[in-house]
Amino acid sequence: MPSAVAEGVRIAIDRGGTFYDFWARVPGHEKDVVFKLLTVCPDEYDDAPTEGIRRILEAATGSTIARGTPLDLSPVESIRMGTTVATNALLERKDERVALLITKGFGDLLVIGNQARPRLFDLSIRKLDRLYERVVEGRRRIPTRLGWKPPSDPDLFHGVNGEVLRRVRKLDAEAVRRDLDMLWTEGYRSLAIALVHSYDFPDHELEIGKMAKEMGFKVSLSSQLQAMINLVPRAHFRKGFKGELEDEHGSKLLLSQSHGGLVKFSAVTGLRAILSGPAGGVIGYAKTCYDTSDKTPVLDFDMGGTLEHVFESTIAEVPIQCPQLDVNTVAAGGGSVLAWTGGLFKVRPESAGAYPGPACYGNGGPLTIPDANCFLGRSLCKAVELPVSSPFEKFKGTTDFPLADTADAKTQRIYFEKGGWTSALVFHIQNRSECTKVQGPAVIFDETQTVILDHDSHAVVLEEHLVIDIAGKALSTQEVDPIKLSVFGHRLMSIAEQMGRTLQKTSISTNIKERLDYSCAIFSASGSLVANAPHIPGHLWSMSTAIRYRAEKYGRDGLEPGDVILSNHPCAGGTHLPDLTVITPVFDDDDDPKRIFFFVANRGHHADIGGILAGSMPPNLTELWQEGAAIESFKLVSRGVFDEAGLVHELSVKPARYPGCSGTRTLRDNIADLKASVAANNRGIRLIQDLVRQYSWPVVEFYMEAIQQNAQDGVRVLLKGFGERVGGRPLKAVDWLDDGTALALCVTIDERDGSALFDFTGTGPEAFNNLDKSAAEKSD
Numbered sequence: 001m002p003s004a005v006a007e008g009v010r011i012a013i014d015r016g017g018t019f020y021d022f023w024a025r026v027p028g029h030e031k032d033v034v035f036k037l038l039t040v041c042p043d044e045y046d047d048a049p050t051e052g053i054r055r056i057l058e059a060a061t062g063s064t065i066a067r068g069t070p071l072d073l074s075p076v077e078s079i080r081m082g083t084t085v086a087t088n089a090l091l092e093r094k095d096e097r098v099a100l101l102i103t104k105g106f107g108d109l110l111v112i113g114n115q116a117r118p119r120l121f122d123l124s125i126r127k128l129d130r131l132y133e134r135v136v137e138g139r140r141r142i143p144t145r146l147g148w149k150p151p152s153d154p155d156l157f158h159g160v161n162g163e164v165l166r167r168v169r170k171l172d173a174e175a176v177r178r179d180l181d182m183l184w185t186e187g188y189r190s191l192a193i194a195l196v197h198s199y200d201f202p203d204h205e206l207e208i209g210k211m212a213k214e215m216g217f218k219v220s221l222s223s224q225l226q227a228m229i230n231l232v233p234r235a236h237f238r239k240g241f242k243g244e245l246e247d248e249h250g251s252k253l254l255l256s257q258s259h260g261g262l263v264k265f266s267a268v269t270g271l272r273a274i275l276s277g278p279a280g281g282v283i284g285y286a287k288t289c290y291d292t293s294d295k296t297p298v299l300d301f302d303m304g305g306t307l308e309h310v311f312e313s314t315i316a317e318v319p320i321q322c323p324q325l326d327v328n329t330v331a332a333g334g335g336s337v338l339a340w341t342g343g344l345f346k347v348r349p350e351s352a353g354a355y356p357g358p359a360c361y362g363n364g365g366p367l368t369i370p371d372a373n374c375f376l377g378r379s380l381c382k383a384v385e386l387p388v389s390s391p392f393e394k395f396k397g398t399t400d401f402p403l404a405d406t407a408d409a410k411t412q413r414i415y416f417e418k419g420g421w422t423s424a425l426v427f428h429i430q431n432r433s434e435c436t437k438v439q440g441p442a443v444i445f446d447e448t449q450t451v452i453l454d455h456d457s458h459a460v461v462l463e464e465h466l467v468i469d470i471a472g473k474a475l476s477t478q479e480v481d482p483i484k485l486s487v488f489g490h491r492l493m494s495i496a497e498q499m500g501r502t503l504q505k506t507s508i509s510t511n512i513k514e515r516l517d518y519s520c521a522i523f524s525a526s527g528s529l530v531a532n533a534p535h536i537p538g539h540l541w542s543m544s545t546a547i548r549y550r551a552e553k554y555g556r557d558g559l560e561p562g563d564v565i566l567s568n569h570p571c572a573g574g575t576h577l578p579d580l581t582v583i584t585p586v587f588d589d590d591d592d593p594k595r596i597f598f599f600v601a602n603r604g605h606h607a608d609i610g611g612i613l614a615g616s617m618p619p620n621l622t623e624l625w626q627e628g629a630a631i632e633s634f635k636l637v638s639r640g641v642f643d644e645a646g647l648v649h650e651l652s653v654k655p656a657r658y659p660g661c662s663g664t665r666t667l668r669d670n671i672a673d674l675k676a677s678v679a680a681n682n683r684g685i686r687l688i689q690d691l692v693r694q695y696s697w698p699v700v701e702f703y704m705e706a707i708q709q710n711a712q713d714g715v716r717v718l719l720k721g722f723g724e725r726v727g728g729r730p731l732k733a734v735d736w737l738d739d740g741t742a743l744a745l746c747v748t749i750d751e752r753d754g755s756a757l758f759d760f761t762g763t764g765p766e767a768f769n770n771l772d773k774s775a776a777e778k779s780d
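The sequence shown begins at 1 in full-length UniProt numbering and counts up by one.
Treat the hints as calculated values from the structure; they're not laboratory data. Do not take every clue at face value.
Straight line, CA to CA, 25 Å or less: simulated SDA-like cross-link-like pairs of lysine to any residue [unchecked claim]:
(1) Lys773 x Glu552
(2) Lys635 x Val653
(3) Lys484 x Arg686
(4) Lys505 x Val653
(5) Lys104 x Gly62
(6) Lys104 x Arg178
Put together the whole structure using the sequences plus the hints.
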């Protein structure tokens with residue numbers, strides 16, 4: 001038996017898709033116990049958590065504990081664990097089979113969702129599989145009824161939130177039991193139950209849940225999980241712990257939740273463990289790296305074997321509605337699988353995991369990021385033996401420190417973009433004296449990390465940390481740097497995306513806030529598109545016409561700082577009238593206050609802007625004014641002042657002058673959403689101004705033009721390749737509208753220069769209905 005050890009052993013475990021990380025503090029031991037284990041290693045152990053705890057107890061007692069022996073946890077004060085298993089299950093869709101029981105008539109509710117269309121740019125949209133395989137619809141109905149509850153009506157009652165409800169149809173318990181029997185026979189063992197109005201009347205969910213548990217199902221109730229089904233069953237997390245942990249000590253095991261708090265292991269749910277691991281990382285990072293005195297914001301980047309975490313509430317197309325820290329997870333971790341698609345290497349959501357692992361492990365695994373690092377010479381194949389354990393040391397600056405002695409350093413051939421294959425020095429962090437500088441190219445490693453320094457970088461070694469300086473270089477406005485081109489492209493697209501996020505968060509209408517029927521983009525001073533968020537293509541290609549129209553209409557003197565233009569007229573770059581475009585010019589504040597640097601703009605669908613029918617999209621209209629307010633150009637904001645009176649006149653008074661028409665029926669929503677549009681543009685302007693301050697306007701302008709040229713080159717290459725495949729043969733097609741009007745198109749591609757001619761000869765004339773396209777939709 002192991003020798004006794006003083007109580008108070010504290011254990012922390014981080015469970016990832018590829019590795020487990022273990023840390024333990026043992027009373028009387030000078031150094032902490034720190035090590036990694038593969039998440040799956042069938043040749044060595046059955047489950048990693050038990051194996052890790054066994055090794056820690058061996059270190060604590062100084063005795064050997066045989067594998068398979070029940071572990072005595074009496075010396076252990078606590079075991080705290082964070083995990084990315086729930087996130088991995090969402091991203092990879094490798095989860096236990098789940099059935100969904102929902103109110104009758106709502107079987108497709110989670111498929112329809114809120115009608116948002118997140119990937120309209122995909123030519124072939126492939127949605128991820130649903131988290132449930134089977135849907136069963138329960139027979140019951142509890143509609144909400146507002147108002148006073150008459151005592152004589154037995155079907156009216158108060159819900160838990162105080163609302164008055166009417167019981168239209170009682171729960172058909174026998175039918176539900178038959179459905180549960182059918183699911184059990186089909187092999188389902190996990191059941192998610194989500195009934196309409198269960199947030200206010202959970203009784204039916206509780207009744208069904210009780211029946212299901214008696215039959216052996218693992219049950220998740222939406223009314224107990226913040227109106228959201230339990231996406232990953234609890235058993236998925238618990239199966240990693242076998243019977244080698246004594247049951248009476250189970251209360252010592254605590255799991256980190258997405259909001260950073262802890263919960264007993266017996267009470268963990270998949271919903272609240274989606275970001276368990278990274279949330280713990282955020283807490284640790286905040287405690288160790290955030291300086292409460294200067295309050296400088298810090299960004300935590302955590303790359304695991306399967307995922308990267310940037311420390312939203314939508315993960316892998318699944319909305320997660322529960323308290324959580326703001327963590328953005330990307331399926332591109334250290335062990336992610338590589339794929340060759342469209343002539344480029346891409347990282348897929350799947351991970352090779354711990355077993356079989358990457359191809360270089362020799363277990364028949366797929367090609368992964370570690371294999372690429374191995375090929376480039378960036379992976380160290382020798383075991384790391386020196387332990388690392390010391391408190392965090394704060395440090396600022398990397399200058400005025402002596403260079404590290406390199407006499408005993410080994411070298412390794414590594415491939416760098418600059419310089420190609422280069423002999424780089426290889427250091428263990430504890431083989432360097434503290435406060436010495438290591439000049440790149442070099443490799444610095446310890447038990448848990450490997451750092452590659454390129455030629456232009458250097459690092460200062462602390463007791464167990466590194467402070468790295470990456471040398472910057474001045475950007476040329478004569479030659480395009482392909483890496484910086486990618487950086488600027490993503491930076492500008494990110495700005496457009498943040499504009500969209502601002503618009504969504506500050507708007508109040510369903511169309512913009514939930515359906516995401518809006519688009520945001522950045523344009524040059526001449527009106528050409530520079531960058532856009534992946535929003536609605538129909539908006540984006542026509543907004544350029546709207547910007548050019550304003551640039552020509554107002555010229556140099558027609559617009560001033562603080563002006564914002566509102567428009568929706570088809571003659572001025574608009575599409576159908578409910579799509580309102582808000583345009584803001586950005587001026588040169590330093591040298592020429594009249595010069596416009598660029599434009600930012602957004603376009604959003606408004607539910608009503610007047611006209612002959614509510615909704616402003618009448619199917620039988622024959623005149624433009626029947627659709628509602630038609631605004632050629634209106635200064636929504638003039639010199640920083642929002643013109644609400646003028647807006648009311650445009651949306652409410654003008655449309656009502658036409659026969660059979662009224663003004664907007666949702667004026668409050670219109671005003672609120674247009675203010676949100678102005679705020680979104682202001683957000684974009686501030687972010688671009690930050691970019692200009694960082695790089696200077698000539699550099700930003702140069703790369704804006706380079707982005708446009710790169711986009712043109714990409715399209716030309718695509719057309720050249722397609723033209724060669726069709727051998728220069730014209731491509732022809734014809735289709736017909738509902739009224740029989742022909743739509744004819746002939747596309748002739750010149751494979752020599754990658755140009756294309758679109759010829760609509762044969763298309764019918766303008767129709768006397770609402771099916772005609774605006775000039776902006778046809779020209780761009």
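Tested hints:
Restraint check for Lys773 and Glu552: satisfied, since their Cα atoms lie roughly 23 Å apart, inside the 25 Å limit. Among the hinted pairs, Lys635 with Val653 is consistent with the structure: their alpha-carbon atoms are about 17 Å apart, no more than 25 Å. A hinted pair counts as satisfied when its Cα atoms are at most 25 Å apart, and Lys484 with Arg686 qualifies at roughly 21 Å. For the hint linking Lys505 to Val653, the alpha-carbon distance of about 29 Å lies beyond 25 Å, and the restraint is violated.
Our distance criterion of 25 Å between C-alpha atoms is broken by Lys104 and Gly62, whose separation comes to about 62 Å. The straight-line distance between the Cα atoms of Lys104 and Arg178 is roughly 15 Å, inside the 25 Å bound, and the hint therefore holds.
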